[in-house]
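Protein chains in written order, with this note's numbering: chain A, 386 to 609; chain B, 448 to 607.
Worth flagging that the hints you see were computed from the coordinates, not collected in a lab.
It cannot be assumed that every hint is accurate.
[Unchecked claim] Beta-carbon label-pair distances, calculated as ranges:
#, chain 1, residue 1, chain 2, residue 2, range
1, B, PHE540, A, THR460, 37 to 47 Å
2, B, VAL545, A, ALA497, 42 to 52 Å
3, B, GLY602, A, LYS482, 35 to 45 Å
4, B, LEU503, A, ASN410, 20 to 30 Å
5, A, ILE524, B, ILE453, 25 to 35 Å
6, A, ALA406, B, ARG603, 42 to 52 Å
[Stated by the list, open to error] Covered stretches of chain A (in silico footprint by chain B; criterion: 3 or more residues with CB under 8 Å from a CB of chain B, positions within the stretch not fixed):
#, segment
7, 393-403
8, 449-455
[Said to hold, decoys possible] Here are some, though not all, of the chain B residues that point toward chain A, as calculated from beta-carbon distances under 8 Å:
#, residue
9, ILE454
10, THR458
11, GLY479
12, ALA492
13, ILE495
14, LEU518
15, LEU521
16, GLY522
17, GLY537
18, LEU541
19, VAL545
20, ILE578
21, MET595
Please read all numbers here as calculations on a predicted model, not as lab measurements.
Where is the CB? At the ideal position from N, CA and C, for every residue including glycine.
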Amino acid sequence: MMNFIVIPILLLLALTAVTVARIRNLWAAVMFTGIYSFLGASWMLILDAPDVAFTEAAVGAGISTILMLATLSLTPRKRHQDGHLQSDDFDEKPRKKSPVWPLLVVTITGFALIYGTFDMPHFGSPEAPIQVYPDPSFISKSQHDMHGLPNVVTAVLAGYRGYDTLGETAVIFTAGIAVLLILRRAPNEGLKHADQESEVVAAANLINQADENSDGELTQEADS
Amino acid sequence: MNTFPIIRVITKVLIPYILLFAFYVQFHGDFGPGGGFQAGVIFAAALILYGLVYGLPALQMVAPPRVVEKLIALGLLIYGGTGIACMLLGGNFLDYNVLEHHFLTELPAAIDFLPGEGPHHFLPEGQHLGIFLVELGVGITVTAVMTMIFYAFAGREPVA
Numbered sequence: 386m387m388n389f390i391v392i393p394i395l396l397l398l399a400l401t402a403v404t405v406a407r408i409r410n411l412w413a414a415v416m417f418t419g420i421y422s423f424l425g426a427s428w429m430l431i432l433d434a435p436d437v438a439f440t441e442a443a444v445g446a447g448i449s450t451i452l453m454l455a456t457l458s459l460t461p462r463k464r465h466q467d468g469h470l471q472s473d474d475f476d477e478k479p480r481k482k483s484p485v486w487p488l489l490v491v492t493i494t495g496f497a498l499i500y501g502t503f504d505m506p507h508f509g510s511p512e513a514p515i516q517v518y519p520d521p522s523f524i525s526k527s528q529h530d531m532h533g534l535p536n537v538v539t540a541v542l543a544g545y546r547g548y549d550t551l552g553e554t555a556v557i558f559t560a561g562i563a564v565l566l567i568l569r570r571a572p573n574e575g576l577k578h579a580d581q582e583s584e585v586v587a588a589a590n591l592i593n594q595a596d597e598n599s600d601g602e603l604t605q606e607a608d609s
Numbered sequence: 448m449n450t451f452p453i454i455r456v457i458t459k460v461l462i463p464y465i466l467l468f469a470f471y472v473q474f475h476g477d478f479g480p481g482g483g484f485q486a487g488v489i490f491a492a493a494l495i496l497y498g499l500v501y502g503l504p505a506l507q508m509v510a511p512p513r514v515v516e517k518l519i520a521l522g523l524l525i526y527g528g529t530g531i532a533c534m535l536l537g538g539n540f541l542d543y544n545v546l547e548h549h550f551l552t553e554l555p556a557a558i559d560f561l562p563g564e565g566p567h568h569f570l571p572e573g574q575h576l577g578i579f580l581v582e583l584g585v586g587i588t589v590t591a592v593m594t595m596i597f598y599a600f601a602g603r604e605p606v607a
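Excised from the complex, chain A in its bound form:
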């Protein structure tokens, strides 16, 4: 029964991925990545990972799609004679190189990845490393340790591995600060510029005055 949901979702995922790669209109490609993220979120939900599904839906389909669209709207593009936007304004440049080499590389990489999955444990297998390592007793003891908190994921993330999560939060903090440093403009940039100019002018005046004073002193010394 589950296959009726799983197989269409996986097929749609593959179809969307191919469409993203093939479509020439960048605007449409961004929207397709959003669709891909929503399908991915559905897939996560089927794998019993609702919190990953939340994140995928909110970040992958929502915020990152908006940021990509914002980037597209900021990048310069060719304009038609009349200056109005037209549907092909966001088209990628037609490709000139032969697609044979990229296809070969992608095919080999894909087969290597599929070959790698042969060594992986069967999906949901109780002997899989994730079930037996590091210590399956977390699941049985977390309820007692955490005074009855039923969610083992939260207990591990915020309790047992609280220090790691602090590091992750610091990473988000650092990444946010870095993006702001690179991209943000001061809201009163024009004003600031004017201030700097006036400072430059003031400094120049001071130097001139100092020069005149020292000149005066020099001449006085020469006089005496």
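Dock chain B against chain A, hints included.
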């Protein structure tokens, strides 16, 4: 998108529920799926939706950039501060057990109407309280970072 009445109305109807869901994911994260990161991105998504439909100035009235950029650091400080508080109370860094009923310990019997055996406590057990605080810190930082990145993109003019 300022001129489409359907989008404006639907957005206004949806945003309270998105925010409510974000709070649910945040504060119910120790019982159900979710946690600070998920709640943060959902909350930021609601803010960004508002900014997209009603314009950047409207969003800046709700979430002033000056405040939001300070919240980036505040979240991390709450997280780290919880760890330091645990150390000051005599435990290890982020050892929530020492937070157990140190402040405002017992509810006076006169106003203790809660079901179950008393006496009840104002604050939850140490582990609950610690996880609540650090998840709150994560949520604040993530919301603020996502919103500030949106501001950084949306506030720019197109090149040429």
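Outcome of the hint check:
1. About 46 Å separates the C-beta atoms of PHE540 (chain B) and THR460 (chain A), a value consistent with the hinted range of 37 to 47 Å.
2. The hinted window of 42 to 52 Å between VAL545 (chain B) and ALA497 (chain A) holds, with their beta carbons roughly 51 Å apart.
3. Evaluation of the 35 to 45 Å hint for GLY602 (chain B) and LYS482 (chain A) yields a pass: the beta carbon distance comes to about 37 Å.
4. Evaluation of the 20 to 30 Å hint for LEU503 (chain B) and ASN410 (chain A) yields a pass: the beta carbon distance comes to about 26 Å.
5. At roughly 48 Å, the beta carbons of ILE524 (chain A) and ILE453 (chain B) sit outside the given window of 25 to 35 Å.
6. Checking the proposed 42 to 52 Å range against ALA406 (chain A) and ARG603 (chain B) shows it is violated: the Cβ atoms sit about 28 Å from each other.
7. With 0 residues bearing a CB less than 8 Å from a CB of chain B, the segment 393-403 of chain A misses the requirement of three and the coverage assertion fails.
8. Figure legend: the segment 449-455 of chain A, annotated as covered by chain B; annotation consistent (3 residues with Cβ-Cβ distances under 8 Å, at least 3 required).
9. Interface hint status for ILE454 (chain B): violated, as the beta-carbon distance to the closest one in chain A is roughly 15 Å, over 8 Å.
10. At about 13 Å, the closest approach between the beta carbon of THR458 (chain B) and any beta carbon in chain A exceeds 8 Å, and the interface hint on this residue is violated.
11. Satisfaction of the interface hint for GLY479 (chain B) is found here, the shortest Cβ-Cβ separation to chain A being roughly 7 Å, below the 8 Å cut-off.
12. Interface restraint check for ALA492 (chain B): the shortest CB-CB distance to chain A comes to about 5 Å, inside 8 Å, so the restraint holds.
13. Interface restraint check: ILE495 (chain B) against chain A, minimum CB-CB distance 6 Å, threshold 8 Å, status holds.
14. The beta carbon of LEU518 (chain B) is not positioned within 8 Å of any beta carbon in chain A (closest approach about 10 Å), and the interface hint is therefore violated.
15. Contact between LEU521 (chain B) and chain A, as hinted, is not supported at the beta carbon level, the nearest pair being about 10 Å apart and thus beyond 8 Å.
16. This hint holds: GLY522 (chain B) has a C-beta 7 Å from the nearest C-beta of chain A, less than the 8 Å allowed.
17. A cut of 8 Å between beta carbons decides the hint on GLY537 (chain B): the least distance to chain A is about 17 Å, and the hint is violated.
18. Annotation: interface hint on LEU541 (chain B) holds; nearest CB of chain A at approximately 4 Å, less than 8 Å.
19. About 13 Å separates the beta-carbon of VAL545 (chain B) from the nearest beta-carbon of chain A, more than 8 Å, and the hint is not met.
20. Proximity of ILE578 (chain B) to chain A holds as hinted, the smallest CB-CB distance being about 4 Å (cut-off 8 Å).
21. With a cut of 8 Å, the hint placing MET595 (chain B) at the interface with chain A holds, because the nearest CB-to-CB distance is about 6 Å.
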